[in-house]
Amino acid sequence: MSDTNSPGQPDSGNSGELSWPEYLTGGESRGAVPPGAQAAEPEGHARPRRVIGTPPPAAARTLLATDGGASREAARELPAEPDDPRRAKRVEKIVAACFIVAGLSGLAFMVFYGTIGVGSITNVLHSNLALGGSMALMFLLLGIGAVLWVRHLMPTVEMAEDRHPMAATPQERAAFKETFQQGAEASQFVKRPIIRRSLIAATIPMAVAPIFLLRDMGPLPGTSLDTTVWRKGLRLLVYGTGRPITAAEFNSPGALISVGPEGYLENDNAMAKAAVSLIKFRPGELVYGPPARPGGPSVRNKVVPNWTVDNIVAYSKICTHLGCPAALYEQTTHRILCPCHQSTFLATEGARVIFGPATRALPQLPIGVDSEGYLIATGPFNEPVGPSFWERS
Amino acid sequence: MSWITARRRHPAAGYLVVAFVLVLIGTAYAVITGGSASASSPVSANSAQIAQGRNLFLEDCATCHGMFAQGVSGQAPGLIGVGAAAVDFQVSTGRMPAAKLGAENPRKPPRLTPSQTRAVAAYIQSLGGGPPIPSAAQVSTYGANVGLGQQLFVANCAACHNFVGAGGTLTDGKYAPALTQSTPTQIYEAMLTGPEAMPVFNDLTVTPQEKRDIIAYVTQVRALPNPGGFSLGRIGPVTEGLVAFLGLLFFMVLAALWITAKHGKAHE
Numbered sequence: 001m002s003d004t005n006s007p008g009q010p011d012s013g014n015s016g017e018l019s020w021p022e023y024l025t026g027g028e029s030r031g032a033v034p035p036g037a038q039a040a041e042p043e044g045h046a047r048p049r050r051v052i053g054t055p056p057p058a059a060a061r062t063l064l065a066t067d068g069g070a071s072r073e074a075a076r077e078l079p080a081e082p083d084d085p086r087r088a089k090r091v092e093k094i095v096a097a098c099f100i101v102a103g104l105s106g107l108a109f110m111v112f113y114g115t116i117g118v119g120s121i122t123n124v125l126h127s128n129l130a131l132g133g134s135m136a137l138m139f140l141l142l143g144i145g146a147v148l149w150v151r152h153l154m155p156t157v158e159m160a161e162d163r164h165p166m167a168a169t170p171q172e173r174a175a176f177k178e179t180f181q182q183g184a185e186a187s188q189f190v191k192r193p194i195i196r197r198s199l200i201a202a203t204i205p206m207a208v209a210p211i212f213l214l215r216d217m218g219p220l221p222g223t224s225l226d227t228t229v230w231r232k233g234l235r236l237l238v239y240g241t242g243r244p245i246t247a248a249e250f251n252s253p254g255a256l257i258s259v260g261p262e263g264y265l266e267n268d269n270a271m272a273k274a275a276v277s278l279i280k281f282r283p284g285e286l287v288y289g290p291p292a293r294p295g296g297p298s299v300r301n302k303v304v305p306n307w308t309v310d311n312i313v314a315y316s317k318i319c320t321h322l323g324c325p326a327a328l329y330e331q332t333t334h335r336i337l338c339p340c341h342q343s344t345f346l347a348t349e350g351a352r353v354i355f356g357p358a359t360r361a362l363p364q365l366p367i368g369v370d371s372e373g374y375l376i377a378t379g380p381f382n383e384p385v386g387p388s389f390w391e392r393s
Numbered sequence: 001m002s003w004i005t006a007r008r009r010h011p012a013a014g015y016l017v018v019a020f021v022l023v024l025i026g027t028a029y030a031v032i033t034g035g036s037a038s039a040s041s042p043v044s045a046n047s048a049q050i051a052q053g054r055n056l057f058l059e060d061c062a063t064c065h066g067m068f069a070q071g072v073s074g075q076a077p078g079l080i081g082v083g084a085a086a087v088d089f090q091v092s093t094g095r096m097p098a099a100k101l102g103a104e105n106p107r108k109p110p111r112l113t114p115s116q117t118r119a120v121a122a123y124i125q126s127l128g129g130g131p132p133i134p135s136a137a138q139v140s141t142y143g144a145n146v147g148l149g150q151q152l153f154v155a156n157c158a159a160c161h162n163f164v165g166a167g168g169t170l171t172d173g174k175y176a177p178a179l180t181q182s183t184p185t186q187i188y189e190a191m192l193t194g195p196e197a198m199p200v201f202n203d204l205t206v207t208p209q210e211k212r213d214i215i216a217y218v219t220q221v222r223a224l225p226n227p228g229g230f231s232l233g234r235i236g237p238v239t240e241g242l243v244a245f246l247g248l249l250f251f252m253v254l255a256a257l258w259i260t261a262k263h264g265k266a267h268e
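Residue numbers (the working numbering), protein chains in the order written: chain A, 1 to 393; chain B, 1 to 268.
It is possible that part of the hints are untrue.
To be verified - Covered by chain B, per the in silico footprint, the following chain A stretches (three or more residues, Cβ under 8 Å):
1) 233-245
2) 256-262
Unchecked claim - Anything over 12 Å on all C-beta distances counts as not near chain B; from chain A, calculated:
3) Ala97
4) Ile100
5) Leu131
6) Ile194
7) Arg196
8) Ser224
9) Gly368
Source of the hints: derived by calculation from the structure; they are not laboratory data.
C-beta: ideal position from N, C-alpha, C; glycine also.
All chains, full assembly: derive it from the sequences and hints.
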């Protein structure tokens, strides 16, 4: 007993004194690298080489149970046997069974891959189910087996492992420096500046080139967000039927209809900004005020009187918050709602915001009547429709 | 008699008596109401029908809408000029007579029979005109253009009623009802009259033929296969997926805790 636990023996009890190379090799290489620590190692001692994380040699294990005096040192080692050997045997069988079935599942995966075709939708469904199921079972059982193994067979011991110094030894650093300098000289990198400088110059375009790829994120929208296809003289066509509409037809108070600009109903890109809700009000319901610009309030909060026809008002359908179609209209309360974030606009007062995250009224489209009596736009929107954006003035 | 006397204190006797009386009342009610429901309803309004409608109006509607259907401020709108279509919609869907004043009158089994409904509608129609009840031919979806109906529905109706008519929420407790039980006549009447918060779609803006197209879409979309679950208006079993996801996440957290928990006999 005394020969395995004599003072100065490189066991784990004083492993904090080990230098980094000794730590890596479990202390067996001691005497070769750091000359200062050489005296502690008795020469010719035939201690078996031990790998970190495995149980200690049988001699040490017997000491654990019998020798009280040495147990303080030896207790730092991991116990070799679980407390209940019978239970351990049972768990061992379960773990092995998990691993075996996991392996069989892996085999089944290969068999399913070969046997189930993918010629039809049904076969693809069956193949997906079989492949996914067998693979999931394989990984699941591997995991379960590993967890059972860890929980029931491996011991629970708290071990403190002191951190080793991060820096390499002075000898190693000196050796590296020497090697590096020799290599640099041998490569002529220092001696021949034209090669060195041209190489450095060649790498600069390589670094800059990816920046040019950012151009593909463009082109910049320019003024396309400021305008829609609406312009003076375009008729308002009922979305779906494409029929123009007269004020006399659209005469029921509380009426609503989705319209788009003549010639653009099938143009989804144009309609994404140009969709308009046409609403008919009872006489006296509308509250009039000036437009936002020029010379008026900075945010329009009333119906512009010149832009209506016989109590018919046209508002942009695109929510000024995030651009959802704000098309829920309550004809009793005159509220226009956006279904996305509950922004609520009051249609009788220029669709100003009365609730929700939107900050601007829905833009009002100037409308009038052409010579045949059909409703037309008398101009474009005088402000950008839809969500606010960076360059929006 | 002695058989009853002997068992009248049996524990089940009380329940039996209650059940018997309930069956009796139910049968009598079914006989009475069934008898009046079987009466045929004349399509054209006559003075007798209007008189019957007036009596029914005074019984069931006048409390809120006023003796002369003039409306009561802050309580119920006037009904002069709303037309028979509005009355038929409100009464045949059971929304009127309303059980209580609320944000939205829910659909419920109608209180009046079809013939009584038509009588009240004829009475209101006689007061000030308005859109009449559409005929069966007007709401027929035979030969309708379902594709155009879908376009019109998506552009003008789906914002509130959902793209398959599952309904949706409005402000202050109001909601757009689901259209899953609506009859073609009721859909037509709703578009024509704009009940409650719904906008009006008159026959000049959305023609009768286009209304039939919309009705065809609303009724035929019901037959499309539903992805199942609490489908959120045919989106799919998203709610169940969320619950399953969160439940599984909780289970996995528990499993992780169990795996890393201290176990067995602690070794010194």
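Q. Which of the numbered hints above does this structure break?
A. Nothing - there is no hint that the structure violates, so all of them hold.
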